[in-house]
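Here the protein sequences come in this chain order: U and B.
Numbered per our numbering, the first sequence spans residues 1 to 139.
Numbered per our numbering, the second sequence spans residues 1 to 263.
Keep in mind the hints are simulated off the structure, nothing from the lab.
In this text, a Cβ means the ideal position worked out from N, Cα and C, and glycines have one as well.
One or more of the hints may lead you astray.
[Claimed, not checked] Taking CB as the label site, the calculated pair distances span:
1. B/ALA63 with U/ALA57: 33 to 41 Å
2. B/MET234 with U/VAL44: 30 to 38 Å
3. U/ALA61 with B/MET234: 35 to 43 Å
4. U/ASN29 with B/SER153: 36 to 44 Å
5. B/ALA91 with U/GLU56: 34 to 42 Å
6. U/ASN35 with B/VAL62: 54 to 62 Å
7. B/LYS28 with U/ASP112: 48 to 56 Å
8. B/SER153 with U/LYS79: 37 to 45 Å
9. B/GLU239 with U/GLY86: 27 to 35 Å
10. U/LYS79 with B/LEU131: 51 to 59 Å
11. B/ALA91 with U/VAL44: 53 to 61 Å
[Unchecked claim] Where chain U lies over chain B, by a calculated footprint (3+ residues, C-beta under 8 Å):
12. 27-39
13. 211-224
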Amino acid sequence: MLSVAAAGCLLAVFPALAHHSFAAEYDANRPVTLNGVVKKFDWVNPHSWIIIDVQEANGIATWECETGAPSILRRRGWKPSTLKPGDEVTVSGYGAKDGSHTMNARVVKTADGRQILAGSAGPGAPPGEGAPPDKPEAK
Amino acid sequence: MSRFSILIQVAACAAALNTLPSAFCQLKSDSSVPRTREGKPDLSGMWNAPIGGAIYDIEPHVAVFGIQPSDKGIVVGGKIPYQPWAQEQVAKNLAHPADDPEVHCMMPGVPHHLYIGPLLLVQTPKVITFLHEYRHSYRVIYMDRREHLEDYSAWEGDSIGHWDGDTLVVDVANLNGKARLDMAGNFYSDAARIVERYTRTNLNTIQYEATIEDPKVYTRPWKMAFHFELQHDMIYEEECLEGERDLQHYPAGAALPDQHPRQ
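Next comes chain U alone, as it looks inside the complex (with noise of 0.2 Å):
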């Protein structure tokens, strides 16, 4: 498998939100940071979707967050077992404008430390968060 440093090289230049614009659905001033336990990771095109459950002042909720599509995830080192059920994971990225529990994810951090870039950041998505981190780590 690609390591994520090499693969971050050839993907710098690959476009990560080709299907839709951030802007037509996602708040860049809606920041959000999400801890919760993995329910499914869905490596579908056009894009992948990781689904947390998310304890909330009200009760569990349940949250999607999308990424890149399972090519651009692939180019970043991930596998389809990349999550698992269970897994309890620190999600970040841009909430939907329609105010539904769907976020755009930048990077997901695992309870092992692990730091992936979750390839969504896509064209008019802001800068920042979703910069290459400076030692990626793949499992």
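Dock chain B against the given chain U, drawing on the hints supplied.
Okay, now just chain B, sitting in the frame of chain U:
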């Protein structure tokens, strides 16, 4: 040919693009480019066009937080020569992102498909095939046919090609006019004709130029130019329908913010 002389060649051509026919601007393949048994440059391989923020808007544009990164664009001369009604249509397209065929998993069209993801190019004397990762789709360029199909219409039209020196020239017609050129609403109609020029100037580079003509939409033909870089990778499956969940989150009737500054 040295890298410097290639740069000079490309720069001279870029300067000439707006004023001279392409015949005056003949790019050549250097000795690093493999050739087929017939002596033509072999364009086979996996390619990607690193156009950056132009994937959002092919015209030059400044950055707007949360909407778009800045980019110099890929339109030669910077501005698409729209007729007044068409310029208004661009604004309408931008204001209604849910109408963008891309969001509905439609084909991106020509030349949009070339800069929206990598492609695997397979070259034979009679057909040249683009295997696009994006949309898990293909385009076939017929090298042994001189006439376009009669009474036919398609998202990516009908492509017939020939060689002009080291340059592959592709004439695209029979376009249905439904595709857009980017996410900023730029478009052409079913009257569009596109002439593409692909020149593998060295082992790692294909220079691309397209002349787009559409009497219904533009006041004159205009050109687009960018380059492809050779990739040492593979094509993955990227169909669209299975996991499409974005459209349901587009606010009903909502439009993108009005400001869409152009340079």
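Consistency of the hints with the structure:
1. B/ALA63 with U/ALA57: 33 to 41 Å: Because 36 Å falls inside the window, the suggested range holds.
2. B/MET234 with U/VAL44: 30 to 38 Å: 19 Å, violated
3. U/ALA61 with B/MET234: 35 to 43 Å: 39 Å, holds
4. U/ASN29 with B/SER153: 36 to 44 Å: Check passed, 42 Å falls within 36 to 44 Å.
5. B/ALA91 with U/GLU56: 34 to 42 Å: 40 Å Cβ-Cβ, so the 34 to 42 Å window holds.
6. U/ASN35 with B/VAL62: 54 to 62 Å: Because 36 Å falls outside the window, the suggested range is violated.
7. B/LYS28 with U/ASP112: 48 to 56 Å: The hinted range 48 to 56 Å holds for B/LYS28 and U/ASP112, with Cβ atoms some 54 Å apart.
8. B/SER153 with U/LYS79: 37 to 45 Å: 42 Å, holds
9. B/GLU239 with U/GLY86: 27 to 35 Å: 29 Å, holds
10. U/LYS79 with B/LEU131: 51 to 59 Å: Because 24 Å falls outside the window, the suggested range is violated.
11. B/ALA91 with U/VAL44: 53 to 61 Å: Hint violated: Cβ distance 34 Å, outside 53 to 61 Å.
12. 27-39: Result for this restraint: violated, n = 0.
13. 211-224: violated (count 0)
Violation of the numbered hints given earlier is confined to hints 2, 6, 10, 11, 12 and 13; the remaining hints are satisfied by the structure.
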